[in-house]
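Participant: Chain residues, written in single-letter form:
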Amino acid sequence: MSEHIVSPKLYFAVFAALMLGTAITVWAAYVDLGRLNIVVALGIATIKMTLVILFFMHGKYSSRRTKLIIASGFFWLAIMLVLTLADYTTRHPEPSRSQLAPVPTLQSEAGSLGSV
Amino acid sequence: MSSTQPPLSPQPQVENQLPREHYLNATYGIRSWLLTTDHKRIALLYLISVTFFFFIGGIFASLIRIHLLTPGGYLVTPETYNKLFTMHGVAMIFFFLIPSIPAVLGNFLIPIMIGAKDLAFPKINLLSWYIYLVGGAFVLYSFATGGLDTGWTFYTPLSSIYSNSAVTPAVIGIFINGFSSILTGLNFIITVHTMRAPGMTWFRLPLFVWAHYATSLIFILGTPVIAITLLLAGLERMFHMGFFNPVYGGDPILFQHLFWFYSHPAVYIMILPAMGVISEIIPTFARKPIFGYDFIAASSIGIAVIGFIVWAHHMFVTGQATYAALAFSFLSYLVAIPSAVKVFNWTATLYKGSISFDTPMLYGLGFIGLFTIGGLTGLFLACLGLDIHLHDTYFVVAHFHYIMVGGAIMGYLGGIHFWWPKITGRLYPEYLARIAAITLFVGFNLTFFPQFILGYLGMPRRYHDYPPEYQVLNVMSTAGASILALGYLLPMIYLTWSMRYGKVAGKNPWPATGLEWTTDSPPLTENFHETPVVDWEPYDFLHRPELGLLGATSKKPVPAHGDD
Amino acid sequence: MHRTGELYGQFQTLEQQKESATLGMWVFLITEILFFGGIFMAYTINRHAYPTAFGVGGNMLDLFLGAANTVVLIASSLTMAMAVWAAQTSKKPLVTVFLILTLILGGVFLGVKVVEYKQKFDHHLIPGHNFDITYCSRNPAACHLSDADLIKEKKEIKEAIEVENSADPEGAGVTALNAHAQLYFSLYFGMTGLHALHMVIGAGLLLWLILEARKGRFDANYNTPVENIGLYWHFVDIVWIFLFPLLYLINRHLA
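For the protein sequence lines, the chains are P, R and A, in the order given.
Start counting the first sequence at 1; every next residue gets the next number (this note's numbering).
Start counting the second sequence at 1; every next residue gets the next number (this note's numbering).
Start counting the third sequence at 1; every next residue gets the next number (this note's numbering).
Be aware that a few hints might be false.
[Stated by the list, open to error] DEER-style ranges, computed between Cβ atoms:
#1 R:Tyr162 with A:Leu207: 41 to 49 Å
#2 A:Thr89 with P:Gly34: 28 to 36 Å
#3 A:Glu170 with R:Tyr141: 41 to 49 Å
#4 P:Phe74 with R:Met238: 26 to 34 Å
#5 A:Asp147 with R:Asp392: 57 to 65 Å
Keep in mind the hints are simulated off the structure, nothing from the lab.
Note that the Cβ used here is the ideal one computed from N, Cα and C, for glycine as well.
Could you put the whole structure together from the sequences, leaning on the hints where they help?
Facilitator: Quick look at the structure:
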């Protein structure tokens, strides 16, 4: 079979990179980067994941079809995350009741449709 | 062997006799059926199971319609009414509509249509059926031990905290059933990629196969999300975890986002296979190649993809952000375009065709009309302003029944009739079948058209009671439902009858193009006597005079269209 | 019953069979991406809403155990990849060795998770079971907190209560914090529990694989099950690669 055999050296190199990534991500967690903390953490995790997919899972050596399948899985996950967040992040918080102006009431008159 | 025609089998089927050996008589005994890995037998196992759940859902529907004959609601209590519409929805959607065409017709036909002996994973196919049964058992248990009153939509926190009905077994059952869908979709995708016969390129595939490939994409990408959503709702109910509970800071709208992320594409799971059936029926009974093959194939994929980015149109009145609502509304208009492409292409196929009104064609034509109405009314609902008025009214109920019954079920019945000769080797009684199709069409419209009006006038859905001024329309609807029921019962009777007493069909009674019509009726267990080699284009009525189109000439060589 | 390595009836060639099996496993993994994706979605929305409570909850987790587990699981991915290599190069005894190593490392991971879960139970951090985010700060001995840790934790909880109070003056701060932290722990148990379930299934698959490998079934001609179960195992590793920072590394710099 025309299968690409990845060498153990490459596997160990990837392992070393993953260990380094783990160490960096733990260290970075103790540094105050404000809103960037989550970006850094997820960024490192994404790099680690990419290494696992490309080398441990032989993604780099797979057919175009397999690569398309992998990409579409993540693309669909992105659809779910992005569009749902599109709702949550563009909501305006409800003003509390005390801040609302009093609602005008309809005057009830004889012959009218009545108050709602 | 001539390369200008599909190969004939070495033992051509004698026209007035069933073939000596075929998949139904290859082996005998209950074990040979319950442990079969033959995709055709599994399709029949599914046929029996989905029909059973159709009955269950139909019983609930009948009770609903009878209850709604009078305002005041005298048949059942309000709590029971809630259970009736919930269980009707759960049974029909998860256990009938979603599996129906893929698991029955898809399972039976896809390997034959692509020239293979079976699906890629026959044992997983059988496993899918058993998983379906286990899921169904849990749901039936739920129905029997207190029922379900949350709506098939299981909105939290009613379903996860406050409902006193048997929610937990039901969500377990639907969760399990999801794996049946996932495995079927996985099987179809791999099969279409790797099991095609020599010469069967992607653009020679029947559109039925394209439709099922697109449906399988939705199975794979959408079903896992409903699985996790119901799992979370179930965990909340069992262990008081707070995901969707406002008391803990959880958000019920999050449930709705997650739920509809699957459940909207699910409606495309229900309609795409039916569209695939129609794409097979129309060219056959117009005796013309289908118009715009490439566009119909692409539109199936387009519907599957765009269908994933419109879900929050079910949530316009929940308080979601206006910007998000605008985006979802716009995208919902976009998803109508590929559907419209199909309707235009089917119509163009009919134009100047040599049309006959056999039963499958009656269902096909009915589909085109009713699906168009259902689809257009969907656009009314996609309009933000109109939806404020129409949301949660009978307008919505009518809209989705036009698509799911007028569309999907007519597609299902049309397909069952169209391929019945291939599945059983026998013909159903044609005139009785036409009468049944017309009965069904009339009954359907009488049931559901008044509901558009009711909804527009403001009658809410999922209400056990209504003001007296709505009674006339409700009575019309119930009357229609009884005629519709007759339309369903007739095929069940004569199709069963025909299995024993129907005329022997022969290989290609219509006649139609497609590899399935070149093999015996019923087919061998391995489908073909020898592996077909394909070098002709699909729906090639113009170049195959033996199929009966006046003016057809013998095949000219046609360059290969495309490759995987 | 077919022996592994033989051509199944529905296929024309072994190549087609292998291609189908591998494609099938990749498509299955896509379904798993969406499956876990749903609970990651729930996590995202809730963390967006309650960052403070999530930080407090996250700091209750044992970072050392979490990081150790990360190392263990990534190592098990290495040994799994090596098992595939051994099969591809027909080093049959090594296939079994590497698979056993993978299983052992997976077992270690699950053992550590049991320890962690027990710890949560002792610290009153199980949702629905007398959940009390302030338990450890009020009973430092029971939670084996040093004086320094205790001071840090009390400060953190005090600040978190203030945040809750300022966000919602009508809600009682500690109750709101407790509720939102319970949400965090619901997600913690949901996500790690689902992950652990997948690991248990993976362990079962590995066991089967080891039994087959011991019979010498896998070599350069036929190693599809090793490769495909390897794909599954790597996927489970990837899920943890994301779970670890999302659950264990929130606001550590504040503690």
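Participant: Take the hints in turn and mark each one as holding or not.
Facilitator: Hint check results:
no., hint, result
1, R:Tyr162 with A:Leu207: 41 to 49 Å, "holds (44 Å)"
2, A:Thr89 with P:Gly34: 28 to 36 Å, "violated (49 Å)"
3, A:Glu170 with R:Tyr141: 41 to 49 Å, "holds (43 Å)"
4, P:Phe74 with R:Met238: 26 to 34 Å, "holds (32 Å)"
5, A:Asp147 with R:Asp392: 57 to 65 Å, "holds (59 Å)"
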